[in-house]
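With the sequences and hints as input, model every part of the structure.
2 protein chains.
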Amino acid sequence: MAYASDIEAVNAELVEVATLVGLAMVSATRALLNSDNDLAQSVIAQDERIDILTADIEERCVDLISAQQPTARDLRILIGSLRIAASLERMGDLASHVAKQARMRFPNPVVPEDLRGTFEEMGALAQAIVTKTGQVIATKDLSLAADIAAHDEEVDRLHRELFRVVLSPNWSSGTEAAIDITLLSRYYERYADHAVSVTRRLITIVTGEPYVGVSLTQ
Amino acid sequence: MAYASDIEAVNAELVEVATLVGLAMVSATRALLNSDNDLAQSVIAQDERIDILTADIEERCVDLISAQQPTARDLRILIGSLRIAASLERMGDLASHVAKQARMRFPNPVVPEDLRGTFEEMGALAQAIVTKTGQVIATKDLSLAADIAAHDEEVDRLHRELFRVVLSPNWSSGTEAAIDITLLSRYYERYADHAVSVTRRLITIVTGEPYVGVSLTQ
Chain Z
1 MAYASDIEAV NAELVEVATL VGLAMVSATR ALLNSDNDLA QSVIAQDERI
51 DILTADIEER CVDLISAQQP TARDLRILIG SLRIAASLER MGDLASHVAK
101 QARMRFPNPV VPEDLRGTFE EMGALAQAIV TKTGQVIATK DLSLAADIAA
151 HDEEVDRLHR ELFRVVLSPN WSSGTEAAID ITLLSRYYER YADHAVSVTR
201 RLITIVTGEP YVGVSLTQ
Chain S
1 MAYASDIEAV NAELVEVATL VGLAMVSATR ALLNSDNDLA QSVIAQDERI
51 DILTADIEER CVDLISAQQP TARDLRILIG SLRIAASLER MGDLASHVAK
101 QARMRFPNPV VPEDLRGTFE EMGALAQAIV TKTGQVIATK DLSLAADIAA
151 HDEEVDRLHR ELFRVVLSPN WSSGTEAAID ITLLSRYYER YADHAVSVTR
201 RLITIVTGEP YVGVSLTQ
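Those sequence lines, one after another, are chains Z and S.
Using this note's numbering, you'd call the opening residue of the first sequence number 1 and step up by one each time.
Using this note's numbering, you'd call the opening residue of the second sequence number 1 and step up by one each time.
Just so you know, not all the hints are guaranteed correct.
For identical chains, the list gives no copy identity; a pair is met inside one copy or between any two copies.
[Stated by the list, open to error] Pairs of lysine to aspartate or glutamate residues, derived as DMTMM-like cross-links and limited to a Cα-Cα distance of at most 20 Å, are as follows: (1) LYS100 with GLU161; (2) LYS100 with GLU189; (3) LYS132 with ASP152; (4) LYS100 with ASP156.
None of these hints come from the bench; they were simulated from the model.
Source: prediction; values computed, not measured.
The following block contains the structure:
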């Protein structure tokens, strides 16, 4: 059946892009913490490839919808894949934003010494969440959704904690660093949100539930 | 022809939502500048309605694609409408973020006196860009695209200017205000970006060009 293999091929591309946006955030975090300008540049350059791949996936989905009369289930998969591609594209942008922040301040470090641990955690959580999201795309195993939700909550907690730190009277790194930290923290938080959104889409694909009602912890 | 009228109905809903997200940003800006907590609350409450309306549009698009065998052109319109609905939904979120910032600091003002003018301009630009975007949705008149691009550039310019102001040695409003201004400014900037993205989608609907290659100033 040609159609099933086409849908498989789209799914394999989504898995590949999920791997790329995962690597992008891991590298961006490393570039940020090590003030590694070359690595930052390569993340920024790679983002163009992610944009092209996601545009290609979107085009293939539209072609498949238009060339065949998909069943309701296949249509749900293809439309869901369109949305997942859009979220992954945005996750690539956010990794690139982190890398741009590192590049902008190079050779100076962006993250003050006492916040390095928090950003290492943010990076590790981003990696965990995108790895599991990629696994859900590949296997449709929804049992990982609860983990993804837990990682997202942890990212939100760190995001709030970073606000407290930069606004505390003990903050001694100045306004520019406070703004950098706030924006960076928001990039990680949005990145995790998009991973959650991808997972919710996958739940609608598997269960047929409408997206608005879907929660990761049911 | 029932199908054409269904597509018309989807389009009318998109126009309505564009109006709502425009009003939301106008009200959020007013709530922000007047420290008006009731108005902020109403923007936040209205956002749920925008979410429901956009989810409804998405569902109708999917139903139309699955119930009929749309022509290539109708499919392009329906898939484009799905994407436009997603961007409008996000614009509603961003207006709600602005309102939440006003609510969080109430009864204190968020925007220092000397930046009120800049945020009035941001609000006016957001209103202009979304009004014109709504007109393009309604009429498919692409001649407004250049205006929309110009407004977006102006928003980007103000966004950069606000960074300069909060980072200047003359900044005397403290770190919290600097962070508030940075985040607010980013919400307006993203709002305008989404309006541009909606307009690019409309260009692909009208011309059939692929989205990645579309520019507003051709």
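For each hint, the structure was consulted:
no.	hint	verdict
1	LYS100 with GLU161	between (23 Å within a copy, 19 Å between copies)
2	LYS100 with GLU189	both (17 Å within a copy, 17 Å between copies)
3	LYS132 with ASP152	within (12 Å within a copy, 36 Å between copies)
4	LYS100 with ASP156	between (22 Å within a copy, 17 Å between copies)
Consistency with the previously given hints is maintained throughout, with no hint failing.
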